[in-house]
Structure formats: C-alpha cells, structure tokens
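Protein chains: 4
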Amino acid sequence: MSVVLGENRYGKSRVRLLKVTREEDAHRVTEWNVEVWLEGKFSECFQHGDNSRILPTDTMKNTVYSLARSSDAVSMESFAQELVSHFIDTNPNADKAGARIVATGWKHLAAGEKQFTTAFTHHGEKHDTAVMTLSSTGDYASSSGFEDLWLLKTAHSSFAGYLKDRLTTLKETDDRLLGTLAKAQWKYNSTGLDFNASRLRTEAALIEAFAVHHSLSVQQTLYAMAQAALEAVSELAEVHLSLPNKHCNLVDLAPFGQDNPNQIFVPTDEPHGSIEASVRRTN
Amino acid sequence: MSVVLGENRYGKSRVRLLKVTREEDAHRVTEWNVEVWLEGKFSECFQHGDNSRILPTDTMKNTVYSLARSSDAVSMESFAQELVSHFIDTNPNADKAGARIVATGWKHLAAGEKQFTTAFTHHGEKHDTAVMTLSSTGDYASSSGFEDLWLLKTAHSSFAGYLKDRLTTLKETDDRLLGTLAKAQWKYNSTGLDFNASRLRTEAALIEAFAVHHSLSVQQTLYAMAQAALEAVSELAEVHLSLPNKHCNLVDLAPFGQDNPNQIFVPTDEPHGSIEASVRRTN
Amino acid sequence: MSVVLGENRYGKSRVRLLKVTREEDAHRVTEWNVEVWLEGKFSECFQHGDNSRILPTDTMKNTVYSLARSSDAVSMESFAQELVSHFIDTNPNADKAGARIVATGWKHLAAGEKQFTTAFTHHGEKHDTAVMTLSSTGDYASSSGFEDLWLLKTAHSSFAGYLKDRLTTLKETDDRLLGTLAKAQWKYNSTGLDFNASRLRTEAALIEAFAVHHSLSVQQTLYAMAQAALEAVSELAEVHLSLPNKHCNLVDLAPFGQDNPNQIFVPTDEPHGSIEASVRRTN
Amino acid sequence: MSVVLGENRYGKSRVRLLKVTREEDAHRVTEWNVEVWLEGKFSECFQHGDNSRILPTDTMKNTVYSLARSSDAVSMESFAQELVSHFIDTNPNADKAGARIVATGWKHLAAGEKQFTTAFTHHGEKHDTAVMTLSSTGDYASSSGFEDLWLLKTAHSSFAGYLKDRLTTLKETDDRLLGTLAKAQWKYNSTGLDFNASRLRTEAALIEAFAVHHSLSVQQTLYAMAQAALEAVSELAEVHLSLPNKHCNLVDLAPFGQDNPNQIFVPTDEPHGSIEASVRRTN
Chain E
0 MSVVLGENRY GKSRVRLLKV TREEDAHRVT EWNVEVWLEG KFSECFQHGD
50 NSRILPTDTM KNTVYSLARS SDAVSMESFA QELVSHFIDT NPNADKAGAR
100 IVATGWKHLA AGEKQFTTAF THHGEKHDTA VMTLSSTGDY ASSSGFEDLW
150 LLKTAHSSFA GYLKDRLTTL KETDDRLLGT LAKAQWKYNS TGLDFNASRL
200 RTEAALIEAF AVHHSLSVQQ TLYAMAQAAL EAVSELAEVH LSLPNKHCNL
250 VDLAPFGQDN PNQIFVPTDE PHGSIEASVR RTN
Chain A
0 MSVVLGENRY GKSRVRLLKV TREEDAHRVT EWNVEVWLEG KFSECFQHGD
50 NSRILPTDTM KNTVYSLARS SDAVSMESFA QELVSHFIDT NPNADKAGAR
100 IVATGWKHLA AGEKQFTTAF THHGEKHDTA VMTLSSTGDY ASSSGFEDLW
150 LLKTAHSSFA GYLKDRLTTL KETDDRLLGT LAKAQWKYNS TGLDFNASRL
200 RTEAALIEAF AVHHSLSVQQ TLYAMAQAAL EAVSELAEVH LSLPNKHCNL
250 VDLAPFGQDN PNQIFVPTDE PHGSIEASVR RTN
Chain H
0 MSVVLGENRY GKSRVRLLKV TREEDAHRVT EWNVEVWLEG KFSECFQHGD
50 NSRILPTDTM KNTVYSLARS SDAVSMESFA QELVSHFIDT NPNADKAGAR
100 IVATGWKHLA AGEKQFTTAF THHGEKHDTA VMTLSSTGDY ASSSGFEDLW
150 LLKTAHSSFA GYLKDRLTTL KETDDRLLGT LAKAQWKYNS TGLDFNASRL
200 RTEAALIEAF AVHHSLSVQQ TLYAMAQAAL EAVSELAEVH LSLPNKHCNL
250 VDLAPFGQDN PNQIFVPTDE PHGSIEASVR RTN
Chain D
0 MSVVLGENRY GKSRVRLLKV TREEDAHRVT EWNVEVWLEG KFSECFQHGD
50 NSRILPTDTM KNTVYSLARS SDAVSMESFA QELVSHFIDT NPNADKAGAR
100 IVATGWKHLA AGEKQFTTAF THHGEKHDTA VMTLSSTGDY ASSSGFEDLW
150 LLKTAHSSFA GYLKDRLTTL KETDDRLLGT LAKAQWKYNS TGLDFNASRL
200 RTEAALIEAF AVHHSLSVQQ TLYAMAQAAL EAVSELAEVH LSLPNKHCNL
250 VDLAPFGQDN PNQIFVPTDE PHGSIEASVR RTN
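Protein chains in written order, with numbering that gives the first Met the number 0: chain E, 0 to 282; chain A, 0 to 282; chain H, 0 to 282; chain D, 0 to 282.
Rather than coming from a laboratory, the hints here were simulated on the basis of the structure.
Being a predicted model, the structure only gives us computed values, none of them experimental.
Note that the Cβ used here is the ideal one computed from N, Cα and C, for glycine as well.
A couple of the hints might just be wrong.
What the hints assert, rightly or not - A short, non-exhaustive set of chain D residues, derived as facing chain A with CB atoms under 7 Å:
1. W31
2. T168
3. L252
4. P254
Stated by the list, open to error - Derived list of chain E stretches under chain D, where covered just means 3 residues or more per stretch with a C-beta under 8 Å from a C-beta of chain D:
5. 6-19
6. 30-44
7. 52-58
8. 113-121
9. 211-223
10. 233-244
11. 268-274
Unchecked claim - Below 35 Å or equal to it, Euclidean Cα-Cα: the simulated DSBU-like pairs (lysine-lysine) are:
12. H:K106 to D:K113
13. E:K163 to E:K182
14. H:K245 to D:K182
15. H:K106 to A:K245
16. H:K163 to H:K106
17. E:K182 to A:K186
18. E:K106 to A:K95
19. E:K163 to D:K95
20. A:K186 to H:K40
21. D:K245 to A:K182
22. A:K163 to H:K18
23. E:K40 to E:K106
24. H:K113 to E:K170
25. E:K40 to E:K163
26. A:K182 to H:K186
27. A:K163 to A:K245
28. A:K163 to D:K170
29. H:K18 to D:K182
30. A:K182 to A:K113
31. D:K18 to D:K106
32. A:K40 to E:K186
33. A:K186 to H:K182
Whenever a hint applies, use it, and build me the whole structure from the sequences.
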C-alpha cells in the first residue's frame with residue numbers, strides 16, 4: 000500500500016491584537032483576531048519529521064505583533080496583505096500564504112450628550128472580517144465581509160404559495176416576523192481600493208435592502224440585498240450571504256381565551272432554516 | 000438516620016418572549032428571557048411524590064405568555080411584579096414567588112441618515128436585568144441591573160504601590176489599559192418608581208464615572224462608579240458592581256528591535272482579576 | 000450624602016493548572032481551573048486608592064503555580080486548603096480567603112484492549128468541584144461537588160396528579176423521559192477525610208438512586224438521590240442538588256399517519272424546568 | 000448592470016432527534032443533530048419570490064422525524080442516505096440533496112460494578128459525524144468522521160530543528176506536552192459497508208497511532224495517524240485530520256527559587272497552532 004500527502008496547511012489561530020492610537024483629540028482602539036497560515040512543499044515534514052522548512056507557528060504569532068507595530072495599515076485588508084506578503088517573501092517553500100482577520104469594534108463611551116475620548120465600549124455584536132491569500136506566483140485573492148449581525152423585520156414579510164407534500168404542516172402567512180443572524184462575504188473587482196469606505200457603502204446597501212424589502216421569502220430577500228449592494232457599489236464583483244431563519248413563533252393563546260394579533264412571539268434558536276447564496280455581477 | 004428537606008425552589012427557566020408593539024409611527028420590539036420560581040411548603044412532593052400542590056413548570060411558562068399579552072407593563076420590573084403577584088395570589092402553598100428577567104435590546108436599523116421603523120438590530124451586548132420576589136406575607140424584594148457591558152479605559156489608569164511578597168513579579172505601571180466586562184445590580188429605596196428612567200440615570204452615572212476616573216486600582220474605580228451613581232440617583236439605596244479585570248498585556252517587541260510605547264497589546268480572557276463590592280448609602 | 004463600602008472581595012479567576020505526575024508504570028494528569036480571593040479590611044483601597052494592603056491578583060496567580068509545585072495534595076480539597084492557609088497566613092488584612100477549583104478529568108487513551116500509559120483523553124463532561132474558605136479566626140468552611148453531569152432515564156418516570164389551573168395545558172403521563180444536566184454540592188460533617196474516596200462513594204450513591212428510582216416527579220427523584228447519598232456516606236452532612244428538567248418532547252407523528260410509541264423525541268434546551276433543593280441529615 | 004444567482008442552497012439546521020429503542024434486556028438511546036438541504040433550480044424563487052418550487056424547511060424538519068420513525072437505519076450514514084434519497088425522489092427541481100448528522104453518544108449509567116439498563120449518561124465529548132449528498136443524476140458522495148476529541152501526549156513529543164528567522168523566539172524542546180482537540184473526516188472507497196464497524200476500526204487506528212507515535216512535530220504525528228488508519232482499514236480512501244495545537248506552556252518557577260521538571264503547565268486556548276492535512280491512498 001502507498002499513501003500520499005494531499006492538501007495541507009498549517010499556521011496560527013486566535014492571535015489577538017489590540018492597538019491603541021493616541022491622537023491628540025481622542026484615542027482610537029482597533030481589536031483584531033488574526034489567523035495566518037502557509038500551504039506548500041512540506042511533505043518531508045509531514046512524512047519524515049524534517050522540520051528544516053517549518054517556520055514555527057510561534058514565529059508566525061510574533062510576526063503579527065511585530066508587523067502591527069510597524070504597519071500603517073488602516074484596514075484589515077491592508078494589514079492582511081502585509082502579512083501574506085511577508086510570509087511569501089521570507090518562505091521559499093510556501094506555495095501560498097493566507098491571513099484571516101476578525102474585528103471587534105470599539106466606540107467611544109457616551110453618557111447622555113457627553114462623549115469620552117479615552118474610554119470605550121464594544122460597537123455591537125457584528126464582527127467585520129477579511130481574508131487574503133497570496134500565492135508564490137504573485138496572485139492575490141481576497142474577500143471582505145461581516146458576521147454576527149442580528150436583523151429583524153416586523154412588517155412586510157410573508158411566506159405562502161410554497162410546495163406542499165404529505166409531510167407539510169406549515170400554515171401560510173402574509174405577516175410574519177423575519178429574523179436572522181446575517182453573515183456576508185463579498186469580493187471586489189479591482190485593487191487599490193479604500194477598503195473601509197467600500198465596506199461601509201456595502202453594509203449600508205445590504206441593511207437598507209433588508210429593511211425596505213417586501214419579502215415573499217428569505218430567499219427573495221437575500222437576493223434583493225445582494226442585488227442592492229452590487230448596484231450601489233460598483234467595485235463589488237460578487238456577494239455571498241448566509242441568512243439563517245431564526246424563527247419567531249406566534250404563541251397560541253386561544254387555550255387561555257386570548258387573541259394574539261401578531262404581538263407575542265417565542266424566539267427560538269433551533270431548529271432554524273438555513274438559506275445561503277452567491278449573487279454575481281455579469282459583464 | 001433521619002433526613003429533612005432544606006431550602007428548595009422550582010420553576011421554569013429560559014422562557015423567551017418577544018413582544019411587538021405596532022404603533023403608528025414605528026414598531027417597537029421587546030425581548031425578555033424570563034425565569035420564574037416558587038418556594039414553599041412542598042416537602043410532601045419532594046419526600047413522597049405527592050404532586051397535588053405542584054403547579055407544573057409548563058403552566059408557569061404559559062403564565063408568562065398569557066400575562067405578557069394582557070400586561071401594560073413597560074418595564075421589566077413592572078412585569079416581574081405582575082408575575083410574582085399572580086403566583087402568590089394563586090398558589091396558597093407558596094411562601095415566596097420569584098421572577099428574573101434578562102433583556103436583549105433591539106433598536107431600529109439605520110443606514111447612513113435613514114432610520115427604518117419596522118426593521119431592527121440588537122442594541123449591543125449589554126443585557127439589562129431585573130429580579131423581583133414576593134413573599135406570601137406581602138414583602139417585595141427587588142433589584143435592577145445589567146450584565147455583559149464591555150468597558151475599556153486607554154488613559155488615566157495606573158497600578159502601583161501595592162503589597163509585594165516573594166511571589167510578586169508584577170511590574171508597577173502608571174499607564175495601563177483597564178478593560179472589564181461589567182455587571183451591576185442595584186436596589187432602590189422607594190417603590191412606585193419610573194423604573195426605566197431610574198435605570199437610564201443610574202447607567203449614565205456609572206459610565207461617566209468609569210470614563211473620567213483617574214484610576215489607581217480597579218477597586219478604587221469600582222467604588223467611584225458606585226458612589227457617583229448613589230450621588231446622582233437619590234432613589235438608589237445600594238449598588239453592587241462586579242468588574243473582572245480583563246487584562247490587556249503590553250507586547251514585548253524588544254527581541255525584534257522595536258519599541259512599544261503603549262500601542263500593541265494582547266487582550267486575554269484568562270486568567271483574569273475578579274473585583275466585586277457593594278456600596279451603600281448611609282443616612 | 001454619605002456612602003460606605005459593603006461586602007467586597009477580590010482575587011484571580013480562571014488560573015489554569017495542568018500537572019503531570021510521571022510514575023514508572025504510567026503518567027497521571029491533573030487539570031484544575033482555580034479561583035482564589037480575599038475579603039477583608041480593604042476600604043482604604045476602595046475609597047482612596049491606597050494599594051499598600053493590596054496583594055496583586057497577579058501574585059495570587061503565581062502563588063497557585065508555586066504551591067502546585069511544592070504541594071503533595073492529591074485532592075482538590077487539600078490543595079484548596081493549602082491555598083487559603085497560605086493567604087490567611089501572609090495577609091494580615093484579610094478577614095477571609097477562599098479558593099474554588101473546577102477539575103477537568105483525564106483518563107488514559109484506549110484502543111480496543113490496549114491502554115496507553117502516556118496518552119490521555121478527557122474523562123467525560125462532568126467537572127468535579129471544591130470550594131474552601133478560611134477566616135482569619137481559623138474557621139474553615141468547605142463543600143465538594145460536581146457539575147455538567149448529563150443523566151437520562153428512559154423508564155420509571157411519570158408526572159401526574161399535579162395542580163391544574165386555567166393556564167394548565169400539560170398532559171399527564173405515566174411514561175416520560177427524564178433528562179437533566181445535574182449539579183451537586185455537598186458538605187461533610189468531619190475533617191481529615193480521604194476526600195477522593197468520599198467523593199466517589201457520594202457520586203455512586205447519587206447515580207444509582209437516579210437510575211433505579213421510580214420517579215413521580217423531578218422533585219421526588221432529587222430527594223431520593225440526596226437521601227441515598229446521606230444514607231450511604233456517613234460523613235455527609237448535607238447535599239444540595241440542582242436538576243434542570245431538560246425536556247424531551249414526544250413528536251406528534253399523527254399528521255403523517257404514524258404512531259409514536261415513546262420512540263421519537265425532540266430534546267430541547269429551552270425552556271427548561273429548574274428544580275433545586277438541599278437535603279440535610281438530622282441527628 | 001446585470002446580476003445572476005450563483006451557488007445557492009437552503010434547508011433546515013439543528014433538527015434534534017432522540018430515539019429510544021426499547022429492547023428486552025436494555026434500552027438504547029440515539030441522539031442526532033440533523034441538517035438537511037437542497038440545491039437546484041431555484042432562481043425564480045430567489046429573483047422573483049415564486050415559491051411554487053420551494054419545499055418549506057419546516058417540511059424538511061417533519062421529514063426527518065417521520066423517516067426516523069419508519070427507518071431501520073442503525074448508522075448515521077444509512078439514515079443520511081434515506082434522507083437524501085427521499086428529497087431527490089420527491090423534489091424534481093433539486094439538483095442535489097444533502098444531509099449532515101452530528102451524534103451525541105449516550106451509554107448506560109454505571110455505579111461501581113452495576114450497570115443500569117434504562118438510565119444513561121453522555122459517552123464523552125466526542126461527536127461522531129456523517130455527511131451524505133445525492134445528485135439528481137444518482138451520484139452519492141459521503142464522508143464520515145468525528146469532532147471534539149481531546150487528545151494529550153505526555154511523552155514522546157519533541158519540536159526542534161525548525162526554521163529560525165529574526166522573529167523566532169521559540170526554544171527547541173525534546174520533551175513537550177502535545178495536546179489537541181482532534182477533528183477527523185474520512186472517505187470510503189466502496190459502498191454497502193457496515194459503517195459502524197468501519198468507524199470503530201478507523202478511530203482505534205487513529206488513537207493508537209497518536210498514543211504510540213514518537214512525535215517530531217504535530218505535522219508528522221498527523222501524517223502517522225492518517226497513514227495508520229489507511230493501513231488498518233482497507234475500505235478507507237482518504238483521511239483528513241485537523242489537529243489544533245492546544246499549547247500547554249511550562250511555568251517558569253525560577254523567580255520563586257523552584258525548579259519545574261516538566262510537571263507544572265498552563266493549558267491555553269489561544270493562540271493555538273492549526274495543522275490540517277489530507278492523506279490519500281494511491282492505486
């Protein structure tokens with residue numbers, strides 16, 4: 000019998016970095032959770048324990064902190080690019096280097112009208128994300144996105160006219176709650192962008208489309224959101240959305256002699272619908 | 000040998016409730032996670048399986064939803080009061096009824112300048128809390144608070160002059176990051192309050208004190224926060240704060256020939272300091 | 000207005016410790032998550048930032064590791080006792096010192112009949128616990144227990160004859176599943192025990208009683224478990240059990256023309272019943 | 000501008016199923032968390048809200064429970080096959096149907112020598128997994144595996160001779176702890192297998208190889224484990240392993256005048272190494 004090494008990668012995960020920028024008028028805080036990895040000609044290591052081509056993952060972690068100190072990057076995408084460039088430049092045995100960054104947003108604390116310039120709280124639950132890979136032949140691939148964004152519509156959402164088989168018990172509805180914990184990932188069709196500006200415009204388009212859409216299904220709302228982003232942000236090539244349907248079930252109060260005109264719901268975590276799709280710009 | 004039943008309670012936990020109020024100009028969403036319980040003369044049930052005095056926890060769950068429909072309560076405290084009153088009124092064998100509510104806040108979605116009146120996202124990670132108990136003799140006890148509020152100071156925090164023994168290796172510092180995941184619980188000295196208004200003023204006082212305090216220790220900052228709340232909100236009798244010290248460690252970049260002027264930190268989850276205390280008003 | 004410091008404590012949490020004992024025939028692994036704290040005359044620190052009486056929580060962490068190296072303790076209880084003794088002996092301003100330890104169990108890896116003496120996997124999900132406090136006047140208080148133990152009965156569990164009010168919709172049953180994620184805490188009536196031996200006997204008594212009990216309610220099963228432990232282990236003074244009722248709901252397959260003779264269930268996490276009580280020995 | 004729907008899928012996640020088999024000598028409990036999904040010609044739904052081809056995810060959930068009642072499947076793989084066959088047979092617009100099952104293992108409770116035939120506890124933390132897809136053209140693809148298996152070696156693990164650059168600070172070691180939370184996924188080269196038997200033999204080979212391997216790196220141990228499984232189980236075509244390096248750091252006790260001969264460690268969750276690879280059988 001003979002066995003061979005297939006696809007493989009190794010690296011460091013959960014490298015946490017908090018950077019404080021101390022400007023005159025106010026401090027600024029950036030928190031990133033970084034993952035970096037290498038793919039390449041490492042079969043000698045896997046098969047025979049020859050470590051001579053292996054950069055320790057501990058060194059990869061050090062690299063994140065050292066580059067964070069010297070870097071001028073203001074976006075996750077730019078910092079990820081610095082990381083993968085460094086690893087490809089210094090590791091001749093790597094065919095590809097990758098970095099994935101998940102941000103925790105901080106904003107200045109406020110109390111009433113007052114804002115405090117050196118005190119912070121989390122911006123919310125949404126985490127922005129960026130992934131970048133660089134091959135040894137010089138090809139970059141990247142995507143940007145977010146995860147953990149709660150969204151809820153209390154109007155303009157129905158679900159009816161669907162396929163019914165002998166196992167179907169769901170009632171049709173023309174007024175339901177539509178709740179989701181959205182995850183998005185998009186690709187740009189150009190380089191040298193102001194990544195933070197493009198991100199803000201993409202998010203705004205996705206959010207507005209979710210809010211105003213007259214939804215006949217989660218699938219249709221997903222498509223409408225992606226279409227709106229592609230229309231609003233010309234540098235977008237493709238948008239992938241994952242919108243789990245976090246059901247809010249209307250409580251049946253009839254046994255207690257009460258009506259329930261779409262007021263009292265049970266939010267549930269499981270089971271949940273899972274709807275995901277990519278929408279692409281064509282020429 | 001003889002054994003006896005000691006303190007006991009039973010009830011229902013994680014009863015999730017989402018209420019939509021459909022006003023003309025906008026919808027409003029309230030999400031509460033409710034726990035209710037009874038304490039009382041239930042030794043026959045525990046010892047002999049006599050269930051005749053046992054209200055099923057499933058009925059307690061139904062009660063939460065039924066009361067939610069008929070209730071006009073606009074605060075967690077008021078709804079908790081309705082719940083415990085109902086349970087004491089209808090369960091002669093209960094010596095005490097309790098309710099604890101944890102809120103998930105929702106706010107209207109926004110994109111740029113636009114606000115959407117029927118679309119929502121979570122307000123943040125902070126969860127407001129309220130606990131209320133009522134004894135069969137008519138005594139109420141209650142507290143209000145919050146949990147899961149991230150706070151971070153990037154200036155005006157030092158820690159020095161502490162006790163040193165042979166196991167002390169910590170370096171003194173006059174400029175450190177102070178991060179915490181705050182939990183607060185307070186008691187009022189009067190009834191018939193506008194609970195939501197008192198809550199907002201208490202939170203604002205706690206937050207402002209955290210932000211402006213020149214901190215010599217987490218202990219001192221905790222006391223300053225509680226004191227500020229007691230001074231600002233006359234109906235407060237006592238404030239209990241739990242401020243775990245979520246350490247942000249300065250990265251040593253010297254091995255790489257770099258300085259680190261309080262810029263690059265590693266935020267950590269464990270181990271963490273645990274500082275908690277109550278501060279009370281004296282007359 | 001005047002405010003005063005009430006009850007307070009500070010310490011270090013989530014101090015993780017893994018100890019390897021390298022005996023000739025096999026290695027042994029102990030993993031403990033330690034929390035230590037002090038209570039005492041610290042109002043100067045809280046009120047004025049005078050740190051001269053404050054032992055840094057970083058030093059407390061160092062103490063855990065240093066004592067772990069020199070300690071001969073084979074039980075969590077004994078190690079907790081060493082910790083609190085050290086802190087009371089060396090901190091004249093402490094009125095009380097406490098330690099809480101949560102264990103993660105490891106056992107030797109096995110494949111078929113083979114056991115491997117230097118390779119391990121987790122023992123299960125149950126975590127053993129121990130809490131010890133020592134006051135400056137020399138009084139010890141301690142408890143032992145466990146948490147996160149899943150238990151499920153598929154026979155001999157009913158629930159009927161309970162109180163019904165106008166909000167009761169639950170059906171009576173003489174054959175249901177009874178599932179729980181048990182938490183236990185017990186106190187001994189003597190000192191100088193072989194803590195590990197007493198723990199094993201207590202757990203065995205609790206588990207056997209759960210398994211063989213003909214349950215009329217969770218409350219009754221809880222009492223039977225505690226009573227069995229008190230009967231089997233003479234050094235037990237009191238047992239506190241928390242048995243959340245993790246409902247397994249029978250699926251209604253009638254709409255699909257199928258019966259369901261207690262075979263197909265939906266296990267749920269929320270809502271859940273919460274039943275807890277203490278049972279004490281009387282002389 | 001023109002946009003088009005790219006890859007898409009929808010289905011139901013976290014469908015929890017607990018099945019009790021009541022045999023004469025003992026009961027048996029199976030707990031599965033099921034995800035099912037469809038891919039296909041659904042662009043009308045996504046683009047225009049035409050739901051006429053959409054089987055509700057609620058119906059998919061019902062299907063899981065209805066099939067579970069009628070099924071004779073004793074392995075996750077067989078039940079997954081029934082599910083995807085059902086969905087492809089009844090949904091002409093689906094190009095592909097998929098099912099993923101994650102098992103929670105239950106075993107009979109024991110106390111001392113006694114085993115209890117109708118009482119259970121979790122088998123451990125490991126979750127077995129199975130994925131199956133079926134295309135409308137009749138092509139099956141499947142994999143089996145597990146996740147959440149803690150493994151720890153306290154001997155025969157070194158890491159030295161690696162690449163060093165100017166950012167490398169890691170010390171070489173010939174005796175370290177090697178801990179991981181293993182995840183495995185494998186594919187078979189034939190059909191009609193006794194899936195449960197093949198699973199047991201694969202797991203035993205992976206575990207024994209981990210335990211006995213003289214490790215020069217995590218990479219080498221990963222390869223040795225996969226190779227051992229491929230050698231032991233002839234129906235295996237490919238094994239993919241993910242072995243995060245859950246570092247256990249030796250505590251430096253020198254500042255306290257103590258040595259630490261590989262006894263006292265700090266187990267950590269972050270950062271962690273991430274090593275993953277596929278190993279395949281050739282001809």
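Hint check:
Hint status for W31 (chain D) relative to chain A: violated, with the closest Cβ pair at about 23 Å, above 7 Å. Interface hint status for T168 (chain D): upheld, as the beta-carbon distance to the closest one in chain A is roughly 5 Å, under 7 Å. Restraint check, L252 (chain D) versus chain A: the minimum CB separation of about 10 Å is more than 7 Å; hint violated. At about 5 Å, the closest approach between the beta carbon of P254 (chain D) and any beta carbon in chain A falls short of 7 Å, and the interface hint on this residue holds.
Closer than 8 Å: that is the beta-carbon criterion, and the stretch 6-19 of chain E has 10 residues meeting it against chain D, so the requirement of 3 holds. Only residues whose beta carbon comes within less than 8 Å of a beta carbon in chain D count, and the stretch 30-44 of chain E has 4; three or more means the coverage holds. Requiring three or more residues with a Cβ within less than 8 Å of a Cβ of chain D, the coverage given for the stretch 52-58 of chain E holds, as 7 such residues are present. For the stretch 113-121 of chain E, the stated coverage by chain D is violated: 0 residues have a C-beta nearer than 8 Å to a C-beta of that chain, whereas at least 3 were required.
Residues of the stretch 211-223 of chain E lying with their CB closer than 8 Å to a CB of chain D number 8, which satisfies the three-residue condition for coverage. A stretch counts as covered by a chain when three or more of its residues have a beta carbon under 8 Å from one of that chain; for the stretch 233-244 of chain E and chain D the count is 4, and the coverage holds. For the stretch 268-274 of chain E, the stated coverage by chain D holds: 7 residues have a C-beta nearer than 8 Å to a C-beta of that chain, and at least 3 were required. Note on K106 (chain H) and K113 (chain D): the hinted pairing holds, with a Cα-Cα distance of about 20 Å set against a maximum of 35 Å.
Our distance criterion of 35 Å between C-alpha atoms is met by K163 (chain E) and K182 (chain E), whose separation comes to about 29 Å. Restraint check for K245 (chain H) and K182 (chain D): the C-alpha separation of about 28 Å stays at or below 35 Å, so the hint holds. Taking the CA atoms of K106 (chain H) and K245 (chain A), the gap is about 32 Å. The hint holds against a cut of 35 Å. Among the hinted pairs, K163 (chain H) with K106 (chain H) is inconsistent with the structure: their alpha-carbon atoms are about 48 Å apart, more than 35 Å.
Between K182 (chain E) and K186 (chain A), the direct Cα distance comes to roughly 40 Å. Violation of the 35 Å bound is thereby established for this hinted pair. Distance check on the hinted pair: K106 (chain E) and K95 (chain A) sit about 43 Å apart at the alpha-carbon level, beyond 35 Å; violated. The suggested pairing of K163 (chain E) with K95 (chain D) holds, with an alpha-carbon distance near 19 Å, which does not exceed 35 Å. Between K186 (chain A) and K40 (chain H), the direct Cα distance comes to roughly 24 Å. Compliance with the 35 Å bound is thereby established for this hinted pair.
For the hint linking K245 (chain D) to K182 (chain A), the alpha-carbon distance of about 31 Å falls within 35 Å, and the restraint holds. As the CA atoms of K163 (chain A) and K18 (chain H) are separated by approximately 27 Å, the hinted pair is consistent with the 35 Å bound. Taking the CA atoms of K40 (chain E) and K106 (chain E), the gap is near 44 Å; set against the 35 Å cutoff, the hint is violated. Between K113 (chain H) and K170 (chain E), the direct Cα distance comes to roughly 56 Å. Violation of the 35 Å bound is thereby established for this hinted pair.
Proximity of K40 (chain E) to K163 (chain E) is assessed by CA-CA distance (about 53 Å); at most 35 Å being required, the pair is judged violated. The hinted pair formed by K182 (chain A) and K186 (chain H) meets the criterion: a straight-line CA distance of about 30 Å does not exceed 35 Å. Proposed proximity of K163 (chain A) and K245 (chain A) is supported: the alpha carbons are some 22 Å apart, at most 35 Å. Simply put, K163 (chain A) and K170 (chain D) have alpha-carbon atoms about 30 Å apart, close enough for the 35 Å limit, and the pair holds.
Restraint check for K18 (chain H) and K182 (chain D): the C-alpha separation of about 25 Å stays at or below 35 Å, so the hint holds. Restraint check for K182 (chain A) and K113 (chain A): the C-alpha separation of about 33 Å stays at or below 35 Å, so the hint holds. Pair hint K18 (chain D) plus K106 (chain D) holds up; C-alpha atoms about 14 Å apart against a cutoff of 35 Å. Taking the CA atoms of K40 (chain A) and K186 (chain E), the gap is near 64 Å; set against the 35 Å cutoff, the hint is violated.
A distance of roughly 30 Å separates the Cα atoms of K186 (chain A) and K182 (chain H); the hinted pair therefore holds under the 35 Å criterion.
Checked against the numbered hints listed earlier, the structure breaks hints 1, 3, 8, 16, 17, 18, 23, 24, 25, 32; every other hint is satisfied.
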